[in-house]
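J.: Next come the chains, spelled out residue by residue.
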Amino acid sequence: MKHDSIAIVGAAETTEMGRIPELSQIGLHADAALNAMKDAGLGPKDIDGIATAGETPVTIAHYLGITPKWVDGTAVGGCSFMIHVRHAAAAIESGLAKTILITHGESGRSGVGRTRPAASAASLAGQFEAPYGPMGPPTLFTIPVLRYMKTYGLTHEQLAMVAVVQREWAAKNPRATFHDPITVDDVLNSRMIAYPFRLLQCCLVTDGGGALILTSADRAKDFPQKPVYLLGTGESVETPMVSQMEDFTSSRAFRVAGPTAFAEAGIKHSDVDHLMIYDAFAHLPIYGLEDLGFCKKGEAASFIWERNTAPGGKLPLNTNGGGLSYMHSGMYGMYALQESVRQMRGIAPAQIPGAKISVCHGVGGMFAASGTIIMTNEAGR
Amino acid sequence: MPEGQRPRPQPTPETQHFWDGTRAGELRLQRCNSCQKTYFPPRPFCPSCAAREVSVFKATGKGRLYSYVIHHRPVPGFTPPYAIAVVELDEGPRMMTNITGCPQTPEALVLDMPVEIAFEKIDDDITLPLFRPAKG
Chain G
-1 MKHDSIAIVG AAETTEMGRI PELSQIGLHA DAALNAMKDA GLGPKDIDGI ATAGETPVTI
59 AHYLGITPKW VDGTAVGGCS FMIHVRHAAA AIESGLAKTI LITHGESGRS GVGRTRPAAS
119 AASLAGQFEA PYGPMGPPTL FTIPVLRYMK TYGLTHEQLA MVAVVQREWA AKNPRATFHD
179 PITVDDVLNS RMIAYPFRLL QCCLVTDGGG ALILTSADRA KDFPQKPVYL LGTGESVETP
239 MVSQMEDFTS SRAFRVAGPT AFAEAGIKHS DVDHLMIYDA FAHLPIYGLE DLGFCKKGEA
299 ASFIWERNTA PGGKLPLNTN GGGLSYMHSG MYGMYALQES VRQMRGIAPA QIPGAKISVC
359 HGVGGMFAAS GTIIMTNEAG R
Chain Y
9 MPEGQRPRPQ PTPETQHFWD GTRAGELRLQ RCNSCQKTYF PPRPFCPSCA AREVSVFKAT
69 GKGRLYSYVI HHRPVPGFTP PYAIAVVELD EGPRMMTNIT GCPQTPEALV LDMPVEIAFE
129 KIDDDITLPL FRPAKG
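Here the protein sequences come in this chain order: G and Y.
Per my numbering, the very first residue in the first sequence carries number -1; after that it's consecutive.
Per my numbering, the very first residue in the second sequence carries number 9; after that it's consecutive.
To be clear, the hints were calculated from the coordinates, so they are not data collected in a lab.
You can take every hint at face value.
Okay, derived cross-link-like pairs now, BS3-like style, lysine-lysine, Cα gap no bigger than 27 Å in a straight line:
1. G:Lys36 to G:Lys170
2. G:Lys294 to G:Lys148
3. G:Lys219 to G:Lys36
4. G:Lys0 to G:Lys67
5. Y:Lys143 to G:Lys148
6. G:Lys148 to Y:Lys70
Examples of chain G residues toward chain Y, derived with CB under 10 Å:
7. Ser118
8. Ala119
9. Ala120
10. Leu122
11. Gln125
12. Phe126
13. Pro129
14. Pro136
15. Leu138
16. Val143
17. Met239
18. Val240
19. Gln242
Every residue, glycine too, gets a C-beta built ideally from N, C-alpha and C.
Based on the sequences and whatever the hints tell you, model everything.
T.: Set out below in structure tokens:
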């Protein structure tokens, strides 16, 4: 991808966030899509490409009245939307489509019109993980952490601090689910879910949605919002079974997606003004900081403890409050992308003054997949 | 006794030898005839070099506790708290399992402690490969 050849010209979340029982899953997709089209000053007849996960592109295109020339139904969990952005950029650059809509909607809390399929007992995970009693992400995503703790000396207090710092960011965000400050003791005294993870180290479960509209950068000046340009992108997958990760202290998918995006962007880590790392659970920012190269192995927890990622720190991280305190519908990657766009537009509730480069890193499944998007608000960088 | 049943695996043609093995009291792994890679979960080719010539062999059933969580919420077939664990087999591959024969506590479940296979019969067709602390 050529630098700043592609721009995000529309971005919006659902009108409401948190508990939205009056909308089904497709309704949440549509609410976000309509808000993004309004944001970009476009209608359904202006959209010629669509990408989505959770629902199929067929369902969303038909529901919204879009006739696409290009579709992408990549569905690899919460980072699907990062990967959609990457695929959309390639499609626009190669002339397959001009204006692409990416949608997400999920009734994670209210469960209205959900499509999430049950895992087959004949799948590899159904045969070799399910019989041992995992019950969703809190019992699977978390499995590698004790090995990380033993390898690098990560403490329970350090793991708790991730949630404490993110609550500080959430306090600045009126749309965040939780605003009240918490302490390390509060986290360590919250209800045990799956040792070593307690309730406040696990993401929220909420309803919501989000949508993005991408087009070529040479058209971006014709749109009402400040354009946000793509600088670099990356993607990868590893395994559908967390027990089969190559390395329990590091995600191979992170180590492919992140460096691919950085190489394409041609930036150094010190160039990054703002960072989002998908935080379904408290260990993910630690793995992400290390696998993306912001910290050496084993040093990310200290980096967070020393307030480098907190308000006022040198590397603002998860400035919307993250999946731990802002919202988490199930596939959170779209909300991380929305926060990066807000930061690059200069309109985030916890705006980082003068931020020019944002890195947005997503995970899908239980370390199964990853996508990294690097954005800038500077044309011709 | 816990309420309900734990999820029952459904063997496929590519995995049937594994479940036949556990039913017979053997932990069966596969090894590539070409590059000698030992791998899991089962498949009829080598994930390292793509060779189709692979062998099934009886593993030692010994390994070490590699990582785990202790789940505190109710799940059909389980009595919380219970550990969902990963063991690293002496032959190299890792597999998810449960650890039986010891308290389900961080104090009893020490990483890298030796474990050995403890077959758990579910029904006439399915026996699960659980693990317990190794004796001596």
